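J.: Residue numbers (UniProt numbering), protein chains in the order written: chain A, 1 to 288; chain B, 1 to 314.
Worth double-checking, as some hints may not be accurate.
[To be verified] To give an idea of the interface, some chain A residues facing chain B are shown, with a C-beta separation under 7 angstroms as derived from the structure:
1) 84
2) 116
3) 121
4) 125
5) 131
6) 133
7) 143
8) 177
9) 179
Think of the hints as simulated: they come from the structure by calculation, not from any bench.
These numbers come from a predicted model, not from an experiment.
From the three backbone atoms N, C-alpha and C, an ideal C-beta is built for every residue, glycine too.
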Amino acid sequence: MPQIMDKETTHMEKAQQENAASPLVAVEAPVLEVSQLQIFTRQEKQQRPLVHGVSFVIPRGETLALVGESGSGKSVTASAVLGLMSGSLGISNGEIRFRGDNVLDWPNKKRRGLRGREIGFIFQNYQESFTPFITVGKQMNETLRSHEKLTRRQAKVHALEWLEQVGLPAERVYSSYPFQLSGGQLQRAAIAGAMMLQPSLLIADEPTTALDVLSGEKVLDVLASLQKRTGCAVLLISHDLRHVVKRASTIAVMKDGHIVELDTAEHILYHCHHEYTQQLLNARPYIT
Amino acid sequence: MLQLIKKRLIQLVFVLFILSLVIFILMKLAPGDPVLTLLHADEMSITQADEAALREELGFDQPVLVQYGKWMLGLIRLDLGTSYLKGRPVLDELLDKLPATIQLTASGLAVMVAIALPLGLIASRYPNRWPDHVSRILALVGASIPSFWMGLLLIYLFSLKLGWLPTSGKGSFAHMILPSITLGFAMAAVYARLLRSGLLDSLSQDYIKAARARGLAERRILMGHALRAALLPVITVFGVSFGNLLAGSVVIETLFAWPGLGSLALEAIFERDYPIIQGYVLATGLFVVVVNLLVDLSYSLLDPRIRLGKGASS
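The following block holds chain A by itself, in its conformation from the complex:
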């Protein structure tokens, strides 16, 4: 798809120019840099903190796994990065830097331009990744044409290409309604949809939790291979340390709105310090 490639290169050039213009940023800024992010929830005029100053960095091509039990604030953090927090939540402090820019300062419309284009998102609830009464292809087409100047036909060619890349029978899936596909197929179609604009960041919120183990592994394999090809950064959210240990380069363990431990996957596996991480590791079934 030449249009998309062109845009990609101009984008890169622009980023490089910006970097060159600023003496402070000597190297390429990391794709995502969250620092001291604090999120609160409003309950009858009372503000209750949910996330207490979370910080992490994901460079290009790396995978950071955010692991924790439900309610630890990992999904909220992800939706804050995406800019789609529910109305009762607010950010009281901190920065979310996307390729060096603090997106919290951006107007809504500009942030919308990021979603789908520069930040892809994969949901746990794959049934609802696509609107149930519109064909998968139509929705991929719609997404492509929302971000790029393409004709319907060009967009279709592009979407089919990506459906093939995730190992699906492209033509059939393209013209199928979401309910006509199996869970694994649908999740892979969702990945194709999220990756087809070659975003620099992919957020996967428990992408395999609702799938059976084999489909889940297949989905993660597809993710890994696409990441290798496009060089995007991945924020992988999971409650299951066993899943992410071999998939992520860095792991951040979250509990009650704090990151209690952040280290490389190897270090976490063998030299973790925090007792909660130890518990999580022990909860992992061993196959001997």
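Chain A is already provided as a structure; the job is to place chain B on it using the hints.
T.: Below, chain B alone, put in the same frame as chain A:
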């Protein structure tokens, strides 16, 4: 799809048959005597012989079952009988008035959509904020005001005081405005609220969040994704209440002297013109069944899960 239509058409025959039976029996049970009405219309002295002759002419001397059988036989040949009063075939009478009623109903529906759609959209955009409250109050007003009174108020204001629009009758576009607004406003109230709750429901679905995550414009999400799901309950209620719409149009046609089916039926009721009444009720029944068939078909257009005969596999 074809299967559904076929099933519905067979159903239609049964519904109409039962309807015809009920109408016929009710007509016979209803107080009043068309013979006397007809004879009194001439303002002459009536003898018993005159009365008996007319009864025989109209077939009233025969058993009710025979009368029904004759009517039924005519019905099969699309012969609905002859109007007692006007001496014209009922079918011709109905077909003469049908276009006016369709025109009124269609423009009433257009007014309804023109009010309900924006009102519902705005109310769902700002739930429990002032646009929502305004729409709630409007809905309450619209649902509470009887349509005849609303019509009278409109006539008073726009025809008598301001002199902008004609009070009654049919003819130019201006004649259509007041009856359409009267008909549409009352309906709009209900549908605006229905649309609001449908939209609030569909906007809270995960697939809407997914659409936002794909970076679609909010307008596109609303019109292309949320609205379509929100239309299902609206259409359901529309199908169920279509009978009410026709009933409402009787009142409004009478009020505005609109020469449609409704005023024809009302006139026939006053004059005990049985064949016309029977024909009108049958026609109404036919419309209701056909509209409900269209409603069912629109379901499968809006939601492919119904068309393809498979529920969400969750």
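J.: Provide an ascending list of the numbers of those earlier hints which the structure does not satisfy.
T.: Checked against the structure, no hint fails, so every one of them is satisfied.
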